[in-house]
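Trainee: Protein chains in written order, with this note's numbering: chain P, 15 to 363; chain B, 9 to 361; chain F, 7 to 327.
Hints are computed from structural coordinates only; laboratory data are not their basis.
These figures come from a predicted structure and were not determined experimentally.
Careful, some of the hints might be misleading.
To be verified - To be clear about the criterion: a stretch of chain B counts as covered by chain F if any three or more of its residues have a C-beta under 8 Å from a C-beta of chain F, and this derived list gives those stretches:
#1 59-73
#2 257-271
#3 280-291
#4 295-305
To be verified - Quick list of the computed label-pair ranges, beta carbon to beta carbon:
#5 P:Pro306 - B:Arg155: 48 to 54 Å
#6 B:Val126 - P:His30: 45 to 51 Å
#7 F:Ala144 - B:Leu36: 30 to 36 Å
From the three backbone atoms N, C-alpha and C, an ideal C-beta is built for every residue, glycine too.
In case you want the letters, here they are:
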Amino acid sequence: MSTAAADDDVLVRVEHLVKYFPVRAGALIRRTVGQVHAVDDVSLTIPRGKTLGLVGETGSGKSTLARCVAGLIPVTSGRVSFDGRDITGLSHGAMRPVRREIQMIFQDPYSSLNPRRRVGSIIGDPFAIHKTATGAERKRLVQELMERVGLNPEHYNRFPAEFSGGQRQRIGVARALALRPKLIICDEPVSALDVSIQAQVLNLLADLQQDYGLSYLFIAHDLEVVRHVSDSVAVMYLGRIGESGPKEQVYGSPRHPYTVALLSAAPAADPEAAAGRQRIILAGDVPSPIDPPSGCRFHPRCPKARALCGEQEPQLEVKADDPATHLTACHFPVEAGENLAAAGRSELT
Amino acid sequence: MSLTGLEIVAEEVPSDAPVVEGRSQWQLTWRRLRQDKVAMAALAVIAIMILLAIFAPVFVAITHHPPNIAYPLTGETAAGNPVPPGTAGFWLGTDGTGRDLFIRILYGARISLFVGFVTTAIGTLAGVSVGLIAGYFGGVVDLVLARFTDAVLAFPYVVLALALAVVLGPSLPVIIGVISFFSWAAIARVVRGQTLSIKEKEYIEAARSLGAGPFRIMFIDILPNLLAPVLVLATLYIPTAIVFEATLSYLGLGIQPPTASWGDILADAQNFYSVAWWYIVFPAAALLITTLAFNLLGDGIRDAMDPRTERIFAGAAGRRRRGRLRRGALTGGANFPNAAYVPPDHTANPPEI
Amino acid sequence: MALLGFMIRRILGGIVVVWLVATAAFLLFFARPVDIVAHQLAGRAATPDVINEVIRNLGLNQPIAVQYWHFLDNLVHGNLGFSYYTGESVNTMLKQDLPPTGSLVLGGVILWLIAGLTVGIISATKARSLFDRFSTVAVLIGLSMPVFVIGELLILVVFLPLNEHGLHWVQTGYSGPSQGLSSWVGHMILPWITLAAVQAAVYTRLSRGQLLDTLGEDYIRTARAKGLSERRVIFRHGVRAALTPVVSQLGVDVGQLLGGVVVTETVFGLGGIGETSVQAIYTDNLPVIIGFVIIAAAFVVLANIIVDLVYALLDPRVRIA
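This is chain P alone, in the form it adopts within the complex:
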């Protein structure tokens, strides 16, 4: 995966994206008393036909980032380029053609479909909105889509309530697929599903990527799921990217202490190997994004934190002898074989 060089390989380029939400208070006059730093200077790229996995806890800003890329919320500053075009801050009208190419799949299969509309109408919505097909033609296309995602096309007239969670996600996928987009942003699409159903939906997404050359921005908090679907991974914490790179590199040799902690918390497939693994328990809670910690945002909870960490923000850059694609934002990245649990405030399980 190349970095900035071959530009026609890159579908989405996010540069220094910042999104703050104002906090208002006041008795008589509503003043802005603070900002929620949801996304704070994030840059990343998504290559064509590949999947970028975005990992983070609740409050890390990954959903906000997704919505900024999709153009659903305006950015505070920064740039989003899609297919070579700058789509930051486009008007609703100018954004419409772009919307055919960027689609979203949502987390909750129970609330992402309008309960009062029939499934055929829901899937046919993109055709109706963009006026690309009507009547019998539209019905045919919708039924093709339903078949492609594994639904019975004869259920065209049913209501979402008559489908299971996994089937509803398929409906969401069908809807997103209708206009053959280039990018599908998946906001935790399998988090609300049972594990066996997760497998089906993930396999479906993988098949579709192969068939249609789709790019995915795949957001999740489950590391194993992300490992399975992604080509490259970015780890977010409190609005910033802590580490990013091809998945083999990030999972194989994580350099950011947060990444290490996350990986150590994931249930391991092999219990014996897990027994020897160090378990890192982070102290404290995720701080509020209204008043993020100074310097490196992770430093209050980091087992390796030093004075420098509270003073200076680390830049996202290549560390030591890492390959050029593996970027970390840390002053004291984790070395190979280092026992993080022994350093400072962590506890061994």
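Use these hints to put chains B and F onto chain P, whose structure you have.
Mentor: Coordinates of chains B and F only, in the frame set by chain P:
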């Protein structure tokens, strides 16, 4: 998916159900409503009232007593008082000037039902539009519209009716205007509240991500979710409108004599308290039966739309469904016979002027 | 501090509303061709001379802005104008009409709150019992009836038979407390019931519903599990939470209240503000109408502010809004 090193291959079990059209919310509601005996009785009563009103001229032909013709000879006692029911072909007796009371009640029904339906229709259309726009667009638009709605709701209707009656003179269009003016506010407030909460749902965000414009979202995605409460509100507003019209007529600010209106009749009846009980009782009964029927029907529709709630007067089907008292299962509004006035949604904002 | 800001905002808003209503009333009546206004003010049988005199006296020929200024000026000084039939100052009429209206409102509100809340609470605690079913039916009937019908039926069914049998305690018309407490109550009892009936029904339904919802909540179960007596559970925990929507309903109901007052006074001949307003309509007595319209609006605004204050005291979340 390699959680355990095994490939879990799960296949979708093909559904072999025949092609079934999903039953829409309306079909389900209607089926439940049909089982509610009280609501069905109310519906029948309303239907009868409407028929009686429409076929009033037929009764005129039978009794030979047009509504505005006085019969001083046969219709009044020697002292000039109304005659009791059953005398001289007056089925329910006569009124203060010797007119057939029954016929006048029928023609009064025409006015009441007409005003009730028309004002509710206007008010619902306006209220839904305002509520949707205020709720969806938010910001300044919402601020202005919501404040305006609250002001109208809190405004004493009598004061406005007084003022308009003086300036424009009382007449049917003025009454319809005044009553509609107040009806839209209650509906707008509820619709706004509902819109605000529906707007946050993911399927709305999904629609926006597809590129849908605001009006498409409002009318195709949000509105279908609103129709249920709006229908209940509208049905329950009709009796309010009827009572409103009757009150205005009673005060002399409504339909002017000699046109028959229930309020008018009851106003004149006050002069004959001690000598003509029928003059009060029968029009009052007509009014009461009509409003009661609409209230019961509105209640029934509300219960039919929300099957989780228990009903006090439910039939056998309801009894079978009733189990332990589930937490939150009893909502007072659904269980309890309803007001013509639906409490506004106070989760949005407390009323302020 | 937040509470103070909250109150200031409400009061300022209220003043704006009263000003808007006054302006609207002014425009409604006076912003028409001079002749029509004068004609209306002078009465139905006025000759051209009378009309001219009225125009001169009232300064109707002056530009609208000047008239408006005088109007506002008078208003701020508390002068509501003079009746065109008796020449009395509207302020005086207001003072005279206040006792009957005040008695009616006071008694009516107390009656409906007590009746409504009590029946509502009992119905909720004994849901689906015989009492509950009876109150259900009663409430439904109460809600469906217009106020004047209740009044007329009460007169027909209570007042007339009692009087015919020589029991004269219950009377129509007004008799102030200064003329004997028993007489006062006897005159007011039917009007109180009339005014209160419909509202009591609304509040019964509302409090029953709210209390039922609240009693189903988990924290009530916790309170019971703690071993608190049922009475304490209901009153200390249940009723308090259930009351806030009732309070906010009160704010909206003030508008309904005024309508009920007008009608009840007319049915029973109490001679209060409501009845006088209606009479003023029949006689086209503009200054009286305008004066009373403004007073009514001011009353509604004041009542709403008080209700908002009580609501904010009960529910701290509101103050931040």
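Trainee: Work down the list of hints and note, for each, if the structure agrees.
Mentor: Here is what the structure says about each hint:
For a cut-off of 8 Å, the count of residues in the region 59-73 of chain B with a CB near a CB of chain F stands at 0, and the three-residue condition is violated. Coverage of the region 257-271 of chain B by chain F holds [criterion: at least 3 residues with CB-CB distance below 8 Å; count 5]. Figure legend: the region 280-291 of chain B, annotated as covered by chain F; annotation consistent (5 residues with Cβ-Cβ distances under 8 Å, at least 3 required). Counting residues of the region 295-305 of chain B whose C-beta sits closer than 8 Å to any C-beta of chain F gives 6, which meets the bar of three, so the coverage hint holds.
Between P:Pro306 and B:Arg155, the C-beta spacing of about 37 Å breaks the proposed range 48 to 54 Å. About 60 Å separates the C-beta atoms of B:Val126 and P:His30, a value inconsistent with the hinted range of 45 to 51 Å. For F:Ala144 and B:Leu36, the hinted distance range of 30 to 36 Å is satisfied, since their beta carbons lie about 32 Å from each other.
Violation of the numbered hints given earlier is confined to hints 1, 5, 6; the remaining hints are satisfied by the structure.
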